[in-house]
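Chemist: Kindly generate the complete structure, drawing on both the sequences and the hints.
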Amino acid sequence: MKKIPVTLKVNGESYDLMIAPYRTLLDVLREEIQLTGTKKGCDVGDCGACTVLLNGQPVNSCLVLAATAQDAEIMTIEGLAQKGKLHPLQEAFVKEGAVQCGFCTPGILISLKALLDKNPAPTMEEVKTAMAGNLCRCTGYSKMFKAVESVTSGLGR
Amino acid sequence: MSDYYAVGKSVPRVDAVDKVTGEAVYTADVNLPGILYAMAKRSPHPHARILRIDTRRAEALPGVKAVITAKDVPDILLGLKLRDAPILARDRVRFAGEKVAAVAAVDEDTALEALGLIDVEYEELPAVTDVKEAMKKGSLLVHENLHTYAGLPAPVKNTNTFLHETFSKGDTALGFAQAELVFEHNFTTQAVHQGYLEPHAAVADIGPDGSVTVWSSDKVPFRVRSLMAEIIGLPITRVRVIPSLVGGDFGGKGMIFDEPLCYYLARKSGRPVKMVMSRQEEFLAGSPRHPSIIRLKAGVTKSGELVAWEGNAIFDSGAYAAYKPQVGLGGTKKLAGTYRIPHVRIDGSYVYTHTVPCGHCRAPGDPQASFAVESFMDMIASNLQMDPFRFRWINALEDGDLSPVGEPWKGINIKETMTAAVKSSGWGKPKPNPHYGIGIACAERPTGTGESSAVVIVNGDGSVNIISGSSDPGTGARTILCQIVAEVLKVPMERISINLVDTDSAPYDQGAGGGRTTFVAGQSAYRAALEVKKELVASAAKLLKCPGEQAQDLIEVSDGFLFMKSDPDKKISYSQAVKAVGKSQLMAEETFSCNQLDDTCFATHIAEVQVDPERGYVEVKRITAAHDIGFAINPAAAEGQIEGGIVQGVGFAILEEMQRAEGKVTNPTLSDYKLCTSLEAPEIVTLLIEGAPGPGPFQAKSIGELPTCPIAPAVANAVFDAIGVRITDLPITGEKIVKALKESGAARPVSAAVRKEG
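Order-wise, the sequence lines are chains D and F. For the first sequence, position 8 matches number 223 in my numbering, and the numbering has no gaps at all. For the second sequence, position 586 matches number 662 in my numbering, and the numbering has no gaps at all.
Just so you know, these hints were derived from the structure itself, not from any lab. Just so you know, nobody snuck in bad clues.
DSS-like, lysine-lysine: derived pairs with alpha carbons at most 27 Å apart:
| # | chain 1 | residue 1 | chain 2 | residue 2 |
| --- | --- | --- | --- | --- |
| 1 | D | Lys300 | F | Lys85 |
| 2 | F | Lys621 | F | Lys641 |
| 3 | D | Lys361 | F | Lys85 |
So the derived list for chain D, only partly shown, Cβ under 8 Å to chain F, looks like this:
| # | residue |
| --- | --- |
| 4 | Thr251 |
| 5 | Asp258 |
| 6 | Val259 |
| 7 | Asp261 |
| 8 | Ala264 |
| 9 | Val309 |
| 10 | Lys310 |
| 11 | Gln315 |
| 12 | Gly317 |
| 13 | Lys343 |
| 14 | Thr354 |
| 15 | Gly355 |
| 16 | Ser357 |
Each residue gets a CB set at the ideal place from its N, CA and C atoms; glycine is no exception.
Modeler: Encoded structure:
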């Protein structure tokens with residue numbers, strides 16, 4: 216299939232690409248822009264490991280065609296720390312031991328960032344719902360809940 | 077215990093920052109110039125003869141660089157012990173999902189298109205997909221040449237039962253004769269996937285001199301090296317395996333998968349090749365937990381003492397046994413639980429069927445046995461009208477007892493975990509509502525053995541490097557090793573470095589698995605650190621004018637300095653001590669190997685559930701988990717293992733099942749095969765019991781596998797407590813509960829499932 220020009224704006228940088236129109240945002244991020252922090256766990260929208268922000272909304276990047284993301288603001292896990300300073304969620308995940316194998320971690324952090332951007336003081340039910348599309352097999356989620364609580368402590372409830 | 081310097085503290089993981097920033101590199105992230113993407117063509121049939129494979133149309137597709145079939149790979153059988161699995165199916169396929177060909181192309185889409193252009197002509201054959209059918213005399217054989225296979229533990233012929241093992245103690249005939257009551261029941265458990273989020277991935281690159289570099293998601297890089305060298309016919313020095321971070325394992329990443337295919341595709345195409353399994357392939361052809369059929373029989377006195385016990389397990393191994401390092405599973409031995417029973421006889425059969433080959437899954441065999449034993453204990457208690465805790469308590473092993481099959485066990489503190497779990501849970505308290513239930517279950521799992529080596533280097537600036545080939549599939553092993561060395565040398569964690577190193581750069585390590593890393597790799601690092609500390613002290617002794625023969629007693633270390641206990645103000649830095657001996661670094665290497673260990677670990681879990689009697693849904697509200705851990709080197713990491721194991725166990729208990737029809741997995745997606753999400757995860761109360769010392773550094777024990785064992789029976793027992801129905805067939809789904817409620821016709825029937833004799 217003929218490749219088409221697409222400009223993607225990822226973590227504030229513009230990338231002019233020639234890509235096949237059927238390629239997913241996930242594959243283009245990983246293979247064309249070498250942003251491999253976004254993970255492929257299922258490629259069909261079930262596991263959430265590939266979650267990125269598309270204009271502030273968390274999406275499974277395996278379900279988005281890259282060509283449709285033209286002009287959108289895309290944020291991947293590589294864009295979460297600003298100028299070498301970890302986002303409070305990242306710091307909390309490190310501190311609370313919320314990371315084990317780490318494969319689901321980028322997607323979960325992105326889902327949680329999306330939540331906190333909209334709702335800085337979520338209840339635990341809102342936190343759990345925001346993470347419900349992200350599978351984790353290692354942690355049992357407990358330490359992740361604790362990490363989020365440490366960021367939003369005193370808020371929400 | 078609080079006066080430790082670096083252990084006993086929940087320090088952050090050494091790789092956590094890389095993992096939260098997306099910098100962490102997993103095998104699928106490896107990219108090389110000119111890399112090709114490979115995929116496998118798989119059999120749609122559970123059993124068929126391969127008549128012909130025509131790859132010409134696929135080879136002609138632009139972008140396809142290599143296609144291989146069995147004729148392109150060595151005609152050998154692979155296996156971690158029993159060697160029964162070909163690299164690519166040759167003449168015959170034995171399960172739906174078995175690889176028959178592989179293709180490498182410039183991108184995944186081209187590879188996928190090429191798969192459709194490989195023409196395979198099969199002659200479909202009858203398949204034996206039911207384990208009981210497979211055990212019948214005269215059954216169709218999955219492996220006709222079983223008796224010729226290497227690694228077969230005992231000679232057998234013309235059977236699908238490739239291993240039958242028996243353990244016994246006392247005289248069960250006598251025991252049952254003495255029993256006042258005899259109970260018997262059957263239990264079944266389902267196939268479940270390990271559920272690691274990172275699918276298997278491999279990359280192979282061949283150098284101009286024929287040397288091979290492999291990147292692999294396998295958790296045992298040294299085994300990948302030896303297997304690859306053997307397959308290719310090279311000395312192991314010509315195969316280098318570069319470990320990446322492993323995105324979850326749970327036993328599923330101990331056998332090579334696509335590494336040989338990458339190599340032969342690379343050889344044919346002249347380019348590096350990457351292969352990543354899809355999630356669907358993981359379900360069709362991973363190495364899931366064995367389904368089991370377990371029969372238990374117990375003889376008890378009216379006062380509730382166990383006097384005789386029989387257990388029999390049938391493990392459906394699927395089409396190949398290659399994925400099991402011991403041919404069988406440890407689970408057979410667990411069929412009599414953690415109880416003092418004078419007369420015991422248990423046996424296990426491992427049987428081939430034309431279904432997906434099963435392998436190791438977190439505490440291989442134990443969750444199946446634990447579900448049966450601990451459900452059965454409650455069923456007996458119910459018939460005796462005895463409190464399930466009390467029934468366990470009067471029969472529980474105590475320190476000094478032999479195991480149920482007569483083996484020595486060290487440090488038995490099962491009762492301590494029972495007491496702790498009961499105290500912190502809702503046990504014995506009034507039910508908050510009518511459909512709430514509470515259940516208890518106990519389990520045991522030994523600390524694992526094996527071989528590891530570690531090199532500890534104190535650099536000229538006083539910083540420390542650890543070189544270890546041990547792997548860390550998310551467990552925190554590398555952090556634990558740093559904490560151990562930090563404790564011995566009294567050096568701050570931030571001055572210690574441990575990197576993932578390839579098989580050319582690290583000494584041999586048996587790899588993660590079986591709950592061995594903290595003990596075995598830990599001991600190697602601990603001992604190497606002690607050795608290097610001796611050298612530091614000897615050097616400092618000269619500078620401090622301390623008599624050499626007493627230096628090891630008189631000199632102390634703290635924060636990277638050495639000083640005489642009698643004069644703590646006069647300090648020698650590690651840097652000075654290194655330089656004083658005229659070297660750039662001080663270094664020690666230690667190998668630790670242990671093949672036999674009596675040390676084991678215990679746990680008691682209490683599950684609190686809410687059951688919806690209309691729809692049968694079970695909500696696991698809270699798990700209280702008391703674990704005998706010896707000493708927690710990193711309490712947060714230990715808790716993390718327990719919490720993760722519990723939630724995996726909840727999935728096994730109520731959600732997960734690889735459904736199969738005529739041998740084929742019918743729900744090979746994460747939308748149809750449900751893992752626990754954040755919404756199903758229960759509240760978890762973790763209790764780390766540090767009473768009984770373990771064999772690891774600082775008396776640590778293992779923790780990785782045990783947490784997943786007692787969950788399913790604790791939940792089943794809680795469901796019974798909630799609504800009075802006993803589900804003995806995992807998973808405990810809403811349909812089963814509704815059906816059982818309808819059949820029982822009452823909200824709370826007496827445990828009718830138990831047959832009472834004598």
